[in-house]
Structure formats: C-alpha cells, structure tokens
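S.K.: Got chain C; can you put chain H with the ligand on it based on the hints?
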Amino acid sequence: MDTATKPQQIRLSTTPSRADLEALKIGDIVYLDGLIYTAREGVYKKVIEEGADLPLDLPAESAVNFHCSPAATVNPDGSFNMGAVTATASFRFSKWIGPWIERSGARIIIGKGGMTSKDYREHFVPNGAVYLTTVGYGTGALLGRGIKQVKAVHWNKELGLAQAMWVIEAANMGPFIVDGDLAGNSLFERENARIAANLDKVYEGTRPAVLRRFGETDDRTDEVIG
Amino acid sequence: MIAIETIQETAERLMEKAAIEIPEDYLDGLRTMANTEDGDLSSFVLQAMLENYEAAKQDRRAMCGDTGCPRWYVKMGNEARIEGGPIALEAALRRATAKSTNEIPLRPNRVHPLWRTDHDNNVGIGAPEIEYGFEPDGEWIDLVTVHKGGLFGTDYRMLFPSDGVEGIKRFFLDSLVAFGKRGLACQPAIIGIGLGGSKDTCMVLGKRAACLRTVGSRNSDARIAAMEDEFKALGNSIGMGAMGFVGKSMVVDCNIEVGYCHTGGMQMSVHAFCLSSRRAVARIHGDGRVEYRTDPDWFTDYQRRESVEWTPPQSLSKSA
Ligand code: SF4
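In the order they appear, the protein sequences are chains C and H.
Numbering of the first sequence is given in my numbering, commencing with residue 878 and proceeding in unit increments.
Numbering of the second sequence is given in my numbering, commencing with residue 26 and proceeding in unit increments.
Worth flagging that the hints you see were computed from the coordinates, not collected in a lab.
Among the clues, some could well be false.
[What the hints assert, rightly or not] Straight-line alpha carbon distances no greater than 25 Å define the calculated DMTMM-like cross-link-like pairs of lysine to aspartate or glutamate that follow: (1) H:K273 to C:E1081; (2) H:K273 to C:D1077; (3) C:K1034 to C:E926; (4) H:K206 to C:D1077; (5) H:K206 to H:E76.
With the rest of the complex left out, here is chain C (with noise of 0.2 Å):
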C-alpha cells in the first residue's frame, strides 16, 4: 500500500475471472493478452441511448473496454494500419458507464486518468469491474507494439474513424496501471490526498486575484471584485 513497495506487475487476459480482478491491488502494473475493444461517447450513445445492437459477443469475446481513439486508417482494399493508441480522459463518460458496464459485461475497462471513487463504487464494484489507466499518457506508441492485429472495425462510417468501435487483438499490451480496484479505492485519488497535504505550503507568497470569477464564488448576487 505504501508508495515505497515496488509496483507489481501482473499479466492478464481480457476475459479474466473473478479471481484475477480479485488479485489486483491499486498501483499494479497491468498488461493484457486477448481482444480488446475501443467505445466511447459514440458507441455509448449509439447502444445505449439508441438501442443498437452490439457487432459482437461481449463479454464472451471481450471484457475489456478502451477509452481511445487509435491513429489508424482503413485501406483501400479493407486492411487496416494502425499506428499508435493513446487513451482518452474517462471522465467525461461517467453518465453512460453504469448502463454500459451492464449491457456489455465489461470487466476491465482502461482509460485515461481514471474515474472518481464514486463512479468506482456504484457501477464498477457491484458488477466486479476495475479501471485501468494508461501510463503517461503518451505512450501510444508503446502500446501501439502490443497490438498483434486490428480484427474489426464497426460503424466507422456513420461515427467517423475516432469515434468508431475498433477491435483489436493484444499481446502483452502494456503497461496499464490499476486505478479502481474491486474495493472500489481509486490511486489517483489516495495520490491527490497526499498532494493536497503540502499545498498551502507551496501557495505561502500568493494571493488571489483581484477580480474573481463566478466559479470562485457560487452566489451569483456576489460582486467579483475582491
């Protein structure tokens, strides 16, 4: 637990047991083996909120949803090249990822920068799901070389090639870094903990602006001048 103890560092397959997650403590090094697949705020909408069919068997050929939009373009005669893959802030699809969790079965799913503790225990813990975060973020090209092939590539058409659903084939694609466990702890969180206990420290020598802004005060009667 203590930031002194070396990470550990665990392969897994994307359709892992119950067990496996189990095992996965915050701040474990993750690489992952098996069929992977990107959605975001395209697919959510297109499922969840339209009703769409899934183009494939989730979760028996993938537990394993990626927050990204990969560098790739589809040639002229259907192959794909695909080049790096970066991960996309997670935050912003706390509103679709509880029923997104449920219609798909997703046990892992990776991003960038995590989702809060709150997010963690309502819709990740009760359906035995964790979060995975990208490393840096940019090592798109790191995680490039662990991708053995683009299987498929769903509704690129009418959601573009960054919004598309991608499923990619992995081999000991990495590295990952566990940010929810199944306890529903979030690293990032327990970090800005610690961060927070030096702030005033470092603030000591400021002051804050003499105009503020609506944000800074929530009572909008308030003047901003201050």
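M.R.: Using the frame of chain C, we list chain H with the ligand on its own:
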C-alpha cells in the same frame, strides 16, 4: 524563388518528424527529471515514457495516439519569394497535413465544433492553423510544425497591476494544480506563460512560449529569465509528478513571453506542452536547400523589438 513542391515535401517530412521524434532538448530535460524523481509511481511513468520515445523511433510510429492539433508557423526572411505566393503556400501546408495524417498514420482529430463533421484528415475550417512571422534579412523560409496536445492545461486570466507577482504565482499554481491532478496535462510539461498583450495576443504569446522555445532557453530579459527559473522550481515543489502521482516532475521548463498591454491590466495565460512536445523545423533556402532542426528559434531580437524602427543590436549582449 522557393518551389512549391519543395515546400510540400518538406512539410510532409516535418509532419512525420514531429509525430515520431521527440525533440532532443525535451528528451534531455525529461531524462534529467527521471534521474532525480524519487516517487515510485512517477518514476515508473517517466521510464515508460523514455521507452515510448525509443519505440516510436524504432517502429517509425507516432509517439502518442492523440495527434493533438497539428499547426504551422511560417517565418519568412524579408527577401523570400514563394512560387505561387502565399495562397500556394497555404494550400501546400493543408495538403501536407492531410496526406501525412493518412500515411503516418495520425489520428484525425479535427471536427466541426457543432456538427462534428470529420474529414478524417485534420483539415477543416481554420485547421491547421497557419501563423506567420518575418525576419529582416534572408531569402529563406522556416516551416515549423507543432502538434500541440492537451485539452487540459491551458487557461487565461485578466490580472491587474495590483495583483503583482504574487497574483501571477497564484494563477500559475492554480493552473498546474488543477490540470496536473490525474495527470490531465500529461506532465512533465513545458509551461509557457504569456503576460500582457490583449486577451488574444496573451494566449498567442503563452502558446508560443510553450511550443516555440526549447527546454533550457531563457528570455533575453535577465529579470524575466530569473522568473522562469523561479517558476520552474515552484512548479516542481508542488509535490506532484507525472500522472499526478506523488513526485516532483511537473515542469520540464518554464518559458515566459511578454507583450505590452493596456496600462490598467496584466493579462496572463498558461499553456502546457505535454509529454509529447512535438515540434519540427526546417529552413528552406532560396536555392532550394533544406535544413532540418528542432529549435524554432522564433523569439529573435526582432520578434521582441521594443522601439518604432528596427535597429539591429550592436553587440550580442542585449541592453538591460
Ligand atoms: S496531452 Fe500530449 S501526451 Fe497527452 S494524450 Fe495529448 S498529445 Fe498525448
């Protein structure tokens, strides 16, 4: 006369170099941080990044899956002449952007803000941005491409003279703490600060400070240079490292650029050029020679000139 074909070919090459090869100055800065970082998780992240840059170069693959927003800075010597003029130049840069997006490949990021129309090539209304600068002598043009990432990490605030340096520090820290959490700014970053100008020019100055100056460069005004050192140290004292984990790797360097502003104001902008600080530069000479480099060398004495007429500095040491 510079041939338009040379411009397009060079621009394509630059797109590829920027996307794949991390500039040496940033890499050195990051290595230094990796050597001194003692937060375990933050250290792990920095090591992974260093491996990532290697992987990108070996595989000739983009270092980050997020292309950011590719843009162009064009600087022209006063005697430069371009085949077809500025219209042909802009078309060549747009073609190069589209073609490279497809060929490298880069992720097409650019969409219409309302209709989300996506041409899948990073070209559209106002995209890529093309900005210009001029220099007194020379028949060359410098092409600079910057693939600036980061929806997070940039902010603007109207400060006033009475806010003073304490107010500047506060807004600097606020920006880093806000966007550094969970590593949303993809730090350690080159932090660019714009001071003065008007709201729009303040943003432009800050962005150029982040994207067009190298790690280790210092403002020619000695007092501003001292602030750059101080702010870098301040940012790294927050206690936050890569990905917002406990650590001290937040600011690879801090660059400040200023512009004269309204006497009543003190505009300030903060910009973070992320772990994928992608920039590539080429000078195309009048005779068609092309030289590649990574330092845009944008902020020359001419760009920072203060007086009505331009008089070249007599000596290398600037008047204080
Ligand atoms: S901010 Fe930079 S490193 Fe992070 S995802 Fe965007 S382009 Fe990549």
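S.K.: Holds or violated: K273 of chain H and E1081 of chain C, Cα atoms, limit 25 Å.
M.R.: holds, 18 Å
S.K.: Between the alpha carbons of K1034 of chain C and E926 of chain C, is the straight-line distance 25 Å or under?
M.R.: holds, 19 Å
S.K.: Starting from K206 of chain H, check that the Cα of D1077 of chain C is at most 25 Å away, please.
M.R.: Holds - the C-alpha atoms of D1077 of chain C and K206 of chain H are around 16 Å apart, at most 25 Å.
S.K.: Sort out whether E76 of chain H lies within 25 Å of K206 of chain H, counting only the CA atoms.
M.R.: holds, 23 Å
S.K.: Is the Cα-Cα distance between K273 of chain H and D1077 of chain C 25 Å or less?
M.R.: holds, 16 Å
Comparing the model with each numbered hint stated earlier shows that all of them hold.
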